[in-house]
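S.K.: The chain contents come next:
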Amino acid sequence: MATQTNGSKKPMNLKLLVWRQKNGKDKGAMTSYDAKDVSPDMSFLEMLDVVNETIIKNNDEPIAFEHDCREGICGSCGLMINGVAHGPDEGTTVCQLHMRSFKDGDTIVIEPWRARAFPVIKDLVVDRSSFDRIISAGGYVSVNTGQAPDGNAIPIPKDSVEEAMDSAACIGCGACVAQCKNASAALFTSAKIAHLRLLPQGDPERAERAIRMVAQMDEEGFGSCSNEGECEAVCPKEIGMVNISLMNREYERALLMGKK
Amino acid sequence: MNNETITPASPAETEVEHDGFGGQVASPFLDSKVPTGPVSERWTKAKFEMKLVNPANKRKFTVICVGTGLAGASAASTLAELGYNVHAFTYHDSPRRAHSIAAQGGINAAKNYANDGDSVYRLFYDTVKGGDYRARESNVHRLAEVSVNIIDQCVAQGVPFAREYGGYLDNRSFGGAQVSRTFYARGQTGQQLLLGAYQAMMRQVQRGSVKLHTRREMLDVVIVDGKARGIVVRNLVTGEIETHMADAVLLCTGGYSNVFFLSTNAKHCNVTAAWRAHKKGAFFANPCYTQIHPTCIPVSGDYQSKLTLMSESLRNDGRVWVPKKAGDKRVPSEIPDEDRDYFLERRYPAFGNLVPRDVASRAAKAVCDEGRGVGDSGLSVYLDFADAIKRLGEDTIRARYGNLFHMYGHITAEDPYKNPMRIYPAVHYTMGGLWVDYHLQTTIPGLFALGECNFSDHGANRLGASALMQGLADGYFVIPYTLGNYLASEKLEKVTTERPEFKQAAKEAQDNITKLLSIKGTKTVHEFHRELGHIMWENVGMGRTRETLTKAVQMIRALREEFWKNVKVVGEANNLNPHLEHASRVADFLEFGELLAYDALKREESCGGHFREEYQTPDGEAQRDDENFAYVAAWEWNNGDTPPLHKEPLEFEEVHPAQRSYK
Amino acid sequence: MISKLRFNTVVGKKVLMAVTGLAMVLFLIGHLVGNLQLMWSGAQFNGYARFLTAQPVVILIELGLLGIFLIHVIDAVVLVQGNSAARPVPYHTKKWGRTKSKRSKKTWASTMMMWTGIAILLFVPFHVWHFKYHHPVASPAISGGHASDTVVGVGSTGVASASGAPAAEATDLALLVTNEFKNPLVSGIYILAMLLLGMHMYHALSSALTSLGANHPRYQNIIVWGGKIFTIVIAGGFLLIPALILSGVIDPSKTLASTQAASNQVAQMGVGK
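Chains as they are written, first to last, in numbering that gives the first Met the number 0: chain X, 0 to 259; chain B, 0 to 662; chain L, 0 to 272.
Hints are computed from structural coordinates only; laboratory data are not their basis. Worth double-checking, as some hints may not be accurate.
As the list claims (entries may be wrong) - Which stretches of chain X does chain B cover? Using the computed rule of at least three CB atoms under 8 Å from a CB of chain B, they are:
| hint | segment |
| --- | --- |
| 1 | 58-65 |
| 2 | 110-116 |
| 3 | 121-132 |
Claimed, not checked - In silico lysine to aspartate or glutamate, EDC-like type, Cα no more than 20 Å apart, as pairs:
| hint | chain 1 | residue 1 | chain 2 | residue 2 |
| --- | --- | --- | --- | --- |
| 4 | X | Lys56 | B | Glu526 |
| 5 | L | Lys99 | X | Glu237 |
| 6 | L | Lys99 | X | Asp103 |
| 7 | X | Lys56 | B | Glu580 |
| 8 | X | Lys8 | B | Glu413 |
| 9 | B | Lys567 | X | Asp103 |
Glycine included, each C-beta is placed from N, C-alpha and C at the ideal position.
From just these sequences and the hints, can you work out the full model?
M.R.: The structure is reproduced here in structure tokens:
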């Protein structure tokens with residue numbers, strides 16, 4: 000077990016400093032809340048659920064945050080917790096973060112992802128549709144239903160598939176963008192380019208894919224990659240910088256080939 | 000279903016057979032449209048007999064696809080490839096968030112790559128048997144046929160299925176099958192399949208043939224001249240009620256496990272789309288077929304928001320036990336073997352810890368009901384690896400289950416290598432759904448239901464790794480044919496959203512929202528949902544009786560009444576308001592839950608995921624009643640009054656019903 | 000054409016940064032090799048200087064270097080602008096990306112890239128001015144030639160040569176350098192500049208290789224450690240000269256007389272070619 004085991008089951012009292020913003024046009028501000036009797040076994044989002052119930056009882060609007068599967072795979076949730084995307088645990092999303100990672104009396108700062116390409120919709124909810132547009136620019140294999148040959152027609156080395164799977168594990172949560180000082184989407188974009196590059200099925204379109212996905216990433220207003228690896232440190236799926244390097248390689252190759 | 004008391008009478012007294020619709024003798028509504036002939040040739044025959052839409056005409060047809068999970072995304076992309084003008088809707092911020100993404104284990108296909116005797120027929124046979132003889136044979140056979148194409152398609156899309164050293168696809172075996180036919184991508188098969196379908200759809204978005212509408216929740220189906228011609232959605236960001244026109248509507252909106260509040264489903268999974276379609280005339284079939292998974296991480300407190308599933312494979316090496324004496328609070332390591340009850344091994348000596356999901360789940364609940372459950376809540380049983388670690392070494396166990404042990408440790412802060420895991424069953428899949436014919440069309444012409452949203456392929460119990468298969472089969476390989484047949488056969492007049500039917504439906508949706516916000520009661524939506532979940536779990540969960548079900552129906556009614564008087568919904572209608580969305584979904588669960596309980600009450604037999612304690616064999620096994628209940632129970636909405644039951648008799652020409660035994 | 004070639008994207012711009020940066024590193028290697036001859040002897044250094052100034056191609060190289068330098072600077076400005084626009088609203092609290100058991104590759108060097116870059120940008124003109132205009136050096140052997148006023152091995156521009164800086168007073172470069180570096184203020188500036196250059200390169204080298212796509216698990220260690228060692232060699236090498244002269248460990252001017260003739264010869268040979 001990698002996690003620390005805070006044996007104590009004693010409830011904690013915490014102070015939350017949460018970004019509240021009514022809608023996209025509102026200016027927004029940090030607002031303070033008390034979280035009382037927080038069990039260390041709660042997940043971070045369950046703690047927010049409980050705080051929200053109190054807020055509702057007080058006739059105020061609950062804190063809006065994105066979440067769904069609560070088991071770390073849908074990629075919906077994502078919060079800056081004390082200045083780190085998805086909080087202090089490695090390889091976890093916010094929904095898998097447990098309150099035992101905090102101490103009684105802590106103040107927890109909770110903010111939305113911040114990026115021009117991720118405008119805030121409300122409170123902690125941001126619009127990540129820019130990721131979808133990057134995928135639609137080329138993050139696919141152009142095969143129509145019915146065209147496929149037998150699944151075993153092209154053998155693929157086990158290592159290639161494993162490597163492709165490492166990249167394909169991306170959940171599109173946006174933590175890489177949030178943590179990057181440049182709000183760069185290089186890790187997200189490169190993970191998809193790498194996933195498809197590492198499989199023979201992705202080969203025919205590799206040059207166009209690299210050019211088009213990078214161009215779209217640019218158009219969305221993400222920053223550039225400074226190669227600091229902040230993204231890989233917070234990625235809940237532990238996707239690595241090697242993907243970014245591979246993307247750069249693919250892009251340069253496409254440039255040299257004169258692809259547009 | 001208002002205040003009428005439920006009398007536990009025989010089904011004949013309350014059901015209405017073929018008489019509510021113009022007095023036709025053979026109900027046109029439950030014509031399953033199954034082709035005749037040998038089961039193995041039916042799909043081929045049906046495909047040939049189906050009418051085709053001229054390629055040049057396809058772009059003139061607009062198809063709405065609600066939901067973008069495996070079924071929705073695969074249908075949207077395939078129909079767009081064919082040339083239809085597709086509109087895809089999801090309440091998520093991105094289609095890639097759909098709950099299909101959470102499926103771990105794998106996807107079945109009758110490829111027989113393992114050369115171990117698998118075939119289309121065997122997959123068909125296993126699925127019908129696994130469904131406890133309550134599925135439609137023709138559908139299941141078609142599912143088994145197209146399963147092989149699914150794998151090919153996904154590989155071509157770049158799904159990184161696990162491979163062997165030779166570079167060929169790897170298979171694993173899964174529950175309910177004696178062959179290795181499950182394809183997988185680590186523990187993230189659902190994710191990878193969904194991303195494949197999502198990417199295929201995004202390609203069509205780029206080409207302009209799919210128009211994507213994210214953050215839209217469907218609130219109603221619009222019926223014009225008896226046909227589904229559009230939907231009403233709420234823009235979740237602006238709160239605007241929008242209407243969209245189409246020539247056909249596909250519902251790919253998943254299952255209803257969250258009626259139990261705690262389930263392994265994602266938090267937003269709901270029955271709203273299916274339920275509102277039901278209220279517009281689509282029959283709801285077999286709602287009582289719910290599947291309960293035995294190896295979930297138990298509830299740790301009142302704040303618990305959802306349950307987490309662990310792969311069933313854990314039961315290969317773990318031994319399930321509880322203390323023999325109720326109230327034995329000793330730590331597990333201090334309880335000697337003679338004071339432990341390995342209840343699965345004791346009750347089912349042949350299969351032991353590997354009995355099917357439903358059997359294991361019920362047995363766990365039974366020992367907890369006796370007060371022998373463990374953990375703070377008393378609602379869990381031990382899954383002990385001590386013997387396996389002693390026998391195989393910790394390294395072997397780590398290699399086999401390392402990621403699951405890690406997940407367990409992360410959530411519970413307990414070390415499963417040192418102490419036994421604690422597990423408890425949880426709802427995680429629902430076999431029931433909107434009734435559809437062989438063409439996946441509901442009882443509303445032009446309204447189709449795909450994936451978990453429909454009832455068709457799993458009978459009373461779904462086998463592992465079959466959900467992904469069904470979602471993709473429906474979307475990639477069934478609906479492209481059957482939808483074309485519908486569009487080519489029907490004369491669809493041009494309609495616009497200016498029609499009064501659209502205005503009316505939009506107004507009703509708006510009124511409902513306004514009403515929810517105007518109640519300003521004292522109890523939160525969360526509290527109502529949890530209370531409903533509690534009623535469902537206690538009375539309509541694993542062990543159902545006439546008494547508990549009758550009680551449940553009454554309790555749900557009372558709770559629903561209280562909800563509409565006392566619910567507290569804060570925030571605004573014209574803004575992002577997740578709390579309001581939840582309220583609207585819970586309102587539907589409060590109606591639907593009653594139908595689920597009612598269906599369970601009326602199915603006076605035990606089968607698959609439906610276990611009536613009155614109907615069991617002397618040794619405590621589910622006892623089917625094939626003579627009286629070999630039918631699909633399709634319920635019609637009756638404005639809240641007792642719903643009429645329509646039966647679709649099930650005929651088993653190939654697989655002959657037999658008692659399941661795991662002794 | 001450039002935009003058609005898609006250098007005008009975030010990845011393209013980083014490629015440009017990497018290529019121009021690495022080109023300047025190549026230049027620095029050459030520069031260092033030249034400078035280190037001071038350690039050998041002042042005359043050797045002077046001879047090398049005269050040899051270089053006698054090559055007409057040097058002016059082209061200098062122009063090229065100026066171009067590369069400017070592209071690097073302008074590209075950096077564009078990147079920084081784009082990056083700050085990418086996050087218009089800052090975080091209330093922002094920490095370095097690290098979890099309980101993992102940390103990013105972020106270092107003080109990487110966070111300070113812009114500032115160390117600006118420092119180098121200020122230093123280079125100073126350096127050119129310092130050894131080129133403030134103390135112009137001319138080789139007595141080829142006095143009056145087109146390159147007579149060009150300081151060698153300084154990464155200078157040569158652009159100003161047309162402005163007709165005074166070339167009459169022939170100065171011995173090694174002597175000049177030695178004398179200047181004996182001034183603690185001058186040495187201090189150079190030592191500080193080289194520390195900042197080292198800091199810049201510490202992140203820049205591995206970063207440039209990643210931008211060019213060379214980051215690969217198999218070669219990761221070679222790239223990271225190679226980059227670090229290389230940085231220490233380059234920055235340390237440059238830094239060594241003022242440090243050693245200031246501390247009096249070496250005095251290249253002392254060796255001048257004895258080897259004057261030889262180096263003259265070397266220079267003339269170069270011209271004669």
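S.K.: It remains to establish, for every hint, whether it holds in the given structure.
M.R.: Hints and how they fare:
Coverage of a stretch by a chain is defined here by at least three residues with a beta carbon nearer than 8 Å to that chain's beta carbons; for the segment 58-65 of chain X and chain B the count is 6, and the condition holds. Under a criterion of three residues with beta carbons nearer than 8 Å to beta carbons of chain B, the stated coverage of the segment 110-116 of chain X fails, only 0 such residues being counted. Only residues whose beta carbon comes within less than 8 Å of a beta carbon in chain B count, and the segment 121-132 of chain X has 7; three or more means the coverage holds. A threshold of 20 Å between alpha carbons decides the hint, and for X/Lys56 with B/Glu526 the separation of about 11 Å falls inside it, so the pair holds.
Taken as a hint, the L/Lys99 and X/Glu237 pair is honoured in the structure, with Cα atoms around 14 Å apart against an allowance of 20 Å. Between L/Lys99 and X/Asp103 the CA atoms are separated by roughly 18 Å; this keeps the pair inside 20 Å, and the hint holds. Simply put, X/Lys56 and B/Glu580 have alpha-carbon atoms about 18 Å apart, close enough for the 20 Å limit, and the pair holds. A threshold of 20 Å between alpha carbons decides the hint, and for X/Lys8 with B/Glu413 the separation of about 12 Å falls inside it, so the pair holds.
Pair hint B/Lys567 plus X/Asp103 does not hold up; C-alpha atoms about 31 Å apart against a cutoff of 20 Å.
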